[in-house]
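Colleague: The numbers in the sequence shown follow the numbering used here, run straight up by one, and end at 764.
In short, the hints are calculated from the structure, not lab data.
Bear in mind that the values here come from a model prediction, so they are computed numbers and not experimental data.
Accuracy of the hints is not assured; some may be wrong.
[Stated by the list, open to error] Under the rule of at most 16 Å between Cα atoms (straight-line distance), these lysine to aspartate or glutamate pairs were calculated in the EDC-like manner: (1) K568 x E744; (2) K591 x E428; (3) K478 x E510.
[Unchecked claim] Just the calculated beta-carbon pair ranges, DEER-fashion: (4) G621 x Y313: 50 to 60 Å; (5) D648 x L326: 27 to 37 Å; (6) V328 x Y381: 39 to 49 Å; (7) F599 x K643: 40 to 50 Å.
No residue lacks a Cβ here, since even glycine has one placed at the ideal position from N, Cα and C.
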Amino acid sequence: MELIFEKSRKGRIGYKLPELDVDEIDFKEVIPEGYLRKELNLPEVSELDVVRHYTKLSQLNYAVDTTMVPLGSCTMKYNPRINEEIASNPKLTNIHPFTPEEYIQPILKLAYELKELLKELGGFADVSLQPAAGAQGELLGLLLIRAYHEDRGNRDKRVILIPDSAHGTNPATAAICGFDIRVVKSDKKGELDWEDFKKKLKEDVAALMITNPNTLGIFERRIKEVADELHERDALLYMDGANFNALVGKFKPGEWGVDVMHFNLHKTFSTPHGGGGPGAGPVGASEKLKPYLPVPQVEFDGERYYLNWDIPKSVGKLLTFYGHFLVWVKALAYILTYGKEIGKISDFAVLNARYLKHLLKEVLKDPYPDTPCMHEFVLSASNLLKYGVKAGDVAKRILDYGFYAPTMYFPLIVKEALMIEPTETENPDTLHRFAKVIKRIVLEAKKKPELVKNAPFKTPVRRIKEAEANRNLILTYKDVVKSKES
279 MELIFEKSRK GRIGYKLPEL DVDEIDFKEV IPEGYLRKEL NLPEVSELDV VRHYTKLSQL
339 NYAVDTTMVP LGSCTMKYNP RINEEIASNP KLTNIHPFTP EEYIQPILKL AYELKELLKE
399 LGGFADVSLQ PAAGAQGELL GLLLIRAYHE DRGNRDKRVI LIPDSAHGTN PATAAICGFD
459 IRVVKSDKKG ELDWEDFKKK LKEDVAALMI TNPNTLGIFE RRIKEVADEL HERDALLYMD
519 GANFNALVGK FKPGEWGVDV MHFNLHKTFS TPHGGGGPGA GPVGASEKLK PYLPVPQVEF
579 DGERYYLNWD IPKSVGKLLT FYGHFLVWVK ALAYILTYGK EIGKISDFAV LNARYLKHLL
639 KEVLKDPYPD TPCMHEFVLS ASNLLKYGVK AGDVAKRILD YGFYAPTMYF PLIVKEALMI
699 EPTETENPDT LHRFAKVIKR IVLEAKKKPE LVKNAPFKTP VRRIKEAEAN RNLILTYKDV
759 VKSKES
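Starting from the given sequences, assemble the full structure and let the hints guide the process.
Modeller: This is the structure we're talking about:
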């Protein structure tokens, strides 16, 4: 099929598909024989029945629009509809990536302003908007670190230090970039173990990857000291920005000595999180790492905005084009809506988490009772094991009460972990209702443990055998029929 390049009467340049005569298409050439239907037996129903059917299906989902989704580490918060509306504007959605720069000056200005705001919020020398997700932001961060050391001839620096509480993507990304991993323990307060860190900080260390607040929801109070120790050995500090909604408007990681950090726009700055994307993971870099940022960088010369491809030491290009532009639009709208009051995000994120933790402190075990949490917290269901009830059972039972479950069994260093993040968008009434549900489930675990162990009861699909489900995927209608027959 050949694309037709054309210029419309309105001066827009782009591609369109040639018109096709459906009768001329031989579907057997494009669809395998086994997937072609012999007969098309579609039910004859009214439009009303169709609408009701799909509306009821949609109501079976657990979504932020209908209930709290307290997934710790994932920040499943409400995203204002105005941002979705702005990003749906055809003047933004219909731009072709090959459009010449002189025709898209407002678009480049939008990208530039977002970059400048992220620089200010993070305290960095520059920001690349290009990474398409947090994990790709990590990838870029490690590529920058590798480029920095190789440029200086430090080819022996092949080790990345990673706390035992870290996201799993941290060691995975480091390994992909060719580094070796050295794990640093957490101390009794849930922070990086200072003595273990200093013991493992040797001349072969290229960087430390740390999340702050960390994955336990605890603030790493010695973060500046950590940066100083690393810099003394010409090692760098990478900060996972997954939990930036606990800091935004209050702290600038660059001022702590952080050399590189990714921003999860789809967590802190209002874009849909979950459902497969899209995400965006812009990366902020210090002066040390700025020369290696990917091309192109959006710049402003005082008269026009342009894409700068002239970055001699750049690590290259991450995407076919420039990044998830419409996610940038939503993030910029979100930041501008808050303006100088953007610190309210972190105010309420921390307040809600600490209040909910207070409501639950007598119900589940607190692994770090002497350490205040930030935007999220981890409790342990290990006190229920004597009744035969595990964290996973509690999570399943929560579904019966209309809430989505917290993150389970993570971080790995906490036994029977339930990781809870109420986010900054929930109100006190919702937090009280959620706490009431947890208290009731704990009471059920003590008096009727079999009830909790066999939950959920109100979901369309009951508890499945998870290991078997992972091994025997049911992806087609034929698989469903085959499964029922067996």
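Colleague: For each hint, tell me whether it holds in the structure or not.
Modeller: Status of each hint after checking the structure:
1. A C-alpha spacing of about 45 Å is found between K568 and E744, which places the hinted pair above 16 Å, so the restraint is violated.
2. Between the alpha carbons of K591 and E428 the distance comes to roughly 11 Å, so the proposed pair stays at or under 16 Å and holds.
3. This hinted pair checks out: K478 and E510 have alpha carbons roughly 14 Å apart, not beyond 16 Å.
4. The supplied range of 50 to 60 Å is met by G621 and Y313, whose beta-carbon atoms lie about 54 Å from each other.
5. Range check, D648 to L326: Cβ separation about 59 Å, and the 27 to 37 Å hint is violated.
6. About 42 Å separates the C-beta atoms of V328 and Y381, a value consistent with the hinted range of 39 to 49 Å.
7. Against the hinted window of 40 to 50 Å, the Cβ-Cβ separation of F599 and K643 comes to about 49 Å, which satisfies the hint.
In the structure shown, a violation is registered for the earlier hints numbered 1, 5, in ascending order.
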